[in-house]
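With chain S's structure known, arrange chain A on it following the hints.
So the sequence lines, in the order shown, correspond to chains S and A.
Everything in the first sequence is counted per the working numbering, starting at 20 for the first residue and increasing by one.
Everything in the second sequence is counted per the working numbering, starting at 48 for the first residue and increasing by one.
Since the hints were made in silico from the structure, they are not lab data.
A portion of the hints provided could be inaccurate.
Unchecked claim - Subject to a maximum C-alpha distance of 20 Å in a straight line, what follows is the list of computed SDA-like cross-link-like pairs (lysine to any residue):
| # | chain 1 | residue 1 | chain 2 | residue 2 |
| --- | --- | --- | --- | --- |
| 1 | A | 202 | S | 83 |
| 2 | S | 173 | A | 147 |
| 3 | A | 202 | S | 221 |
| 4 | A | 202 | S | 205 |
| 5 | S | 165 | A | 146 |
| 6 | S | 21 | A | 206 |
| 7 | A | 202 | S | 168 |
| 8 | S | 165 | A | 192 |
| 9 | A | 202 | S | 164 |
| 10 | S | 30 | A | 133 |
| 11 | S | 120 | S | 221 |
| 12 | S | 173 | A | 50 |
| 13 | S | 221 | A | 133 |
| 14 | S | 165 | A | 207 |
| 15 | A | 202 | S | 280 |
| 16 | S | 173 | A | 148 |
| 17 | S | 173 | A | 132 |
| 18 | S | 165 | A | 56 |
| 19 | S | 59 | A | 56 |
| 20 | S | 173 | A | 133 |
As the list claims (entries may be wrong) - Covered by chain S, according to a simulated footprint, are these stretches of chain A (three or more residues, beta-carbon under 8 Å):
| # | stretch |
| --- | --- |
| 21 | 49-59 |
| 22 | 105-111 |
| 23 | 123-137 |
| 24 | 204-212 |
| 25 | 227-233 |
Being a predicted model, the structure only gives us computed values, none of them experimental.
Ideal placement from N, C-alpha and C gives every residue a C-beta, glycine not left out.
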Amino acid sequence: MKTIRDLTGAKRTTGDYGVEIEVEGKRLPRTLGEVWRVEKDNSLKTAEAWEYVMPKPLDLIGVKKALDYLSMSYVAHNSEVDESIRAGVHVHVNVQEWNIKQLMTFATTYYILEDVLMNWCGPDREGNLFCLRAKDAEYILFQLYKTLNSRNLKHLNNDVIRYASLNFLSLFSYGSVEFRGMRGTGNLDIIYDWVRIIDDMKQSSFKYDSPNDLMAAMSGDGGLTFFETILPNTHHLFEKKGIEESVRSAARRVQMIAFGIDWTSLSTPSINIFSQESFA
Amino acid sequence: MRGYDTAEYAASRLVETIIRHDGIPVMVQSVGNGVNGEITVGITNLMEDDPSYIVPLSECDINPVSLGYVNHKKSAHYIMRAPMRRDWRQGLRMLNIVDAEGMNPRLIPYRTIAQTIMGSFPSFKSCLDRLNSKEKIEEMAFNRDFAVNREGDMKYKSLFTIGKVDMTNGNLLIGDNFNWVREALEEQMEAA
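One chain only, chain S, in its complex shape:
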């Protein structure tokens, strides 16, 4: 099957994760060497507000080092970081070399866990207009369905879906999907935990052949066991109460993707010679 890079024409990039941290506060660092680019962010409203952006994607160890560097810089500047309702952390996952089925299996994994994960990200992130869940703004699932059904990524290349908690618009600029859910926090260990959770989800999603296969596993295992299976290294970070119901209810929402698409035919070239639209 074609890779996401083949399909989007994104410029080739190595590295796994790119992190952007929006910060409001006091005495914030204004330069961070080559580890973080410091940018002005117009969505933030206080006098002192910056966005710290990794110049290039890094592996997990690299992310940890970059966050430690920022943490030391906060200490050196005696910085105060406000947990503002406006500030968020965005984690880009490089999916350039994945095919559409791998991408959708990963996305489905996230959607099944989305409500639990967004609750963990913070009370101001659930239902927040800057990172709406599929339960808040279902249109994202319809656009994914249309994409798969028509075998054409154009349905995701639209600003109308940008403020979903899982943003696909970045596929076209960076070859990444963007997790927008995490709150802006001065506790960089929490941000690192969030990247580890995403990494856990990514590694686990590779073990399933398709969203259909994933959903069958969830049905068989039950919500809580499935949650612990998908997050083998990070599930201990979560309160277990309510996970069973939350996972089952979120899984039902994404059934239209998992079961509404014929995953076996997705990797088959179209027999219509006039059709340019194919993931094969």
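Relative to the frame of chain S, chain A by itself:
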């Protein structure tokens, strides 16, 4: 989601959008500061013809509302929120609503959408009676996710025709490839 830190910022996110107060969908008319410094909102109840009133923002629920099928005039329309960037509103309004079949959502009044937000739908039997009547209704929803048309096609989220209803007795036959919807349908039928 919790509230906002300033009235000015809250106004930029909430005015002329739908949020909830006491579980009821309300339209935010204005945002201001109360006597003790708390943020207040002027709201209109979308379920009744009451005049506007002012309540503390902290009493309101600004989480996105649940949508789905809306029964409007002689058809059922599946509407949902789009997570759009060029809107920047926390509440629901016409600009951030999308109709699954591309109809302009502005054609549906907010008070009609409020029925869906409340989960207020006719029963399955009532839908069949009206579809069989001389009202010439094309399609009716009996909950957020399911609707039936005059030909007896059972629709799920407007995307899938999952089965056929016998319009004489209400018996439903779900297609083999839509067994995955069965549990959701049964639960919703029982709840109704």
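Please check whether the stretch 227-233 of chain A has three or more residues whose CB lies within less than 8 Å of a CB on chain S. holds (count 4)
Straight-line alpha-carbon gap residue 202 of chain A to residue 280 of chain S, limit 20 Å: Holds - the C-alpha atoms of residue 280 of chain S and residue 202 of chain A are around 17 Å apart, at most 20 Å.
Holds or violated: the stretch 105-111 of chain A covered by chain S, criterion of 3 or more residues with Cβ-Cβ distance under 8 Å? Holds: 3 residues of the stretch 105-111 of chain A have a Cβ under 8 Å from chain S.
Does the structure keep residue 120 of chain S and residue 221 of chain S at a Cα separation of 20 Å or less? Holds: residue 120 of chain S and residue 221 of chain S sit about 13 Å apart, inside 20 Å.
Establish whether the coverage given for the stretch 123-137 of chain A by chain S is satisfied; the threshold is a Cβ-Cβ distance below 8 Å, and no fewer than three residues must meet it. Our answer is that it holds, as 11 residues pass the Cβ test (under 8 Å) against chain S, meeting three.
Stated coverage of the stretch 204-212 of chain A by chain S [criterion: 3+ residues, CB within 8 Å]: Since 3 is at least three, the answer is holds.
With a cut-off of 20 Å on the C-alpha distance, tell me whether residue 59 of chain S and residue 56 of chain A pass. Satisfied, since the Cα-Cα distance of roughly 19 Å is no more than 20 Å.
Does the structure keep residue 30 of chain S and residue 133 of chain A at a Cα separation of 20 Å or less? Violated, at about 26 Å.
Is the Cα-Cα distance between residue 173 of chain S and residue 132 of chain A 20 Å or less? holds (17 Å)
Distance restraint between residue 173 of chain S and residue 148 of chain A, which requires alpha-carbon spacing of 20 Å or less: holds (18 Å)
Residue 165 of chain S and residue 56 of chain A: Cα distance at most 20 Å? violated (36 Å)
Take the C-alpha atoms of residue 173 of chain S and residue 133 of chain A, compute the straight-line distance between them, and say whether it is at most 20 Å. holds (19 Å)
The structure fails to meet hints 1, 3, 4, 6, 10, 12, 13, 18 from the earlier list, while all remaining hints are met.
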